[in-house]
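Start from the sequences, fold in the hints, and give me the full structure.
Chains A and B, in that order, give the protein sequences. Using our numbering, read the first sequence as starting at 1 and increasing by one per residue. Using our numbering, read the second sequence as starting at 217 and increasing by one per residue.
I should point out that these hints are in silico values taken from the structure, not numbers from a laboratory. Don't take every hint at face value.
Some, not all, of what chain B presents toward chain A, calculated at C-beta under 7 Å [claimed, not checked]: (1) P342; (2) N343; (3) W350; (4) E351; (5) G352; (6) P357.
From a predicted model like this one, the values you see are computed outputs, not experimental measurements. Each residue gets a CB set at the ideal place from its N, CA and C atoms; glycine is no exception.
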Amino acid sequence: MTGPKLIDPYGVPPGADPRGALQSITFDLDQTEGDAVNKMKSTHLEPFPDPVLEVPDELERSVIISSVDYLLNWARKSSVFPLQSGLACCSFEMISAAMARFDLARFGMEALRASPRQADLLIVAGTLTWKMAVPLRRLYDQMAEPRWVISMGVCATSGGPYYQSYSVVPGVNHIMPVDVYVPGCPPRPDSLLYGIMQLHDKIRRYSVTGQAAGQV
Amino acid sequence: MTTVWSGKALAEAIEEFAPGSVQGSSGTDVWLKAESISVVCEGLKQRPEFKFDLLNSLTAVDYIDHYEVVYHLTSLPMNASAVLKSRVGMGRTEPSVPSVVSIWRGADYQEREVWDLMGIRFDGHPNHKRIMLWEGFPGHPLRKDYVTYDQSIVTSIPEISKNAGSDE
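Okay, here's the thing in structure tokens:
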């Protein structure tokens, strides 16, 4: 029994490729992409250590920071521009946090930048799949230092409901160092704002010497 | 209200223009032989008594000892719907069915999704590759014998094979 004549819907003449006519055009790109994903999946097995700023106890209440640090950190923390990178449902809470009701602009985060070159903060808002991990790592690499990362929601933090899934990264700290984790599924905009204020507090403790402010 | 073709009536109607293509029918389902899917689907779309011009969904089920491809069809002119099924990969061999992309364009991504997640090959598909997972991903994760925790394929699990009952 013979089937009806196959009309190629793409307008690509049926070639000799048994996997389909378009394969000869697109397969190399897919192969390159898949290789990059597999490489990332097989090499990013351990999480990055969290960049924690340890302030010794004896300095906790008697922190001395220079005026340069103070000015620089004040400027940095007052103009943290986040990258507009929503991955899943958390991004709607992020968008909501930027809108009039919660109003990120109060904290000097006036605009969600569309380019990583203009952004200081990467809010990983949502489930990070291995296929998306390669572009996201590239975005992170394109951001100018100093740069910060907020992991928003349980999916980004540990995989959440997709923990041990075949396609989901078990925590975005496998891909890049994370400064602040915001729990929730998804976190309310208030939670994100609190996480951002924690980040401001963290930025305030940086020192131009590359150490935590107050450390000798 | 949409009329749903009963499996028996649809099987008889299919047998009229494509003899020997029906394996059985039950309820609203018709089971087709895999090799005659493209002929039957072409007839169901073109013939004036059916005019099934819309493929609602194309999906697949893993019944452990075989796979089943399911086609949900709707005829907008006749206000009717039908369900076609086909058992493939008996004995857990690598399954393949003819592609229906040339009949319904909407089958394109759905066939790629079924290939990606269930591993059923669609012969004649113009762009037969994964759609969600990346190229080079090991295995097809919606199969019952896919094991996620070590990211690898186990070809036979004794517990699953033992419990494989006759669920039809």
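Report task. Compare the structure with the hints numbered earlier in the document and write down the numbers of the violated ones, lowest to highest. Result -> Result: no hint breaks.
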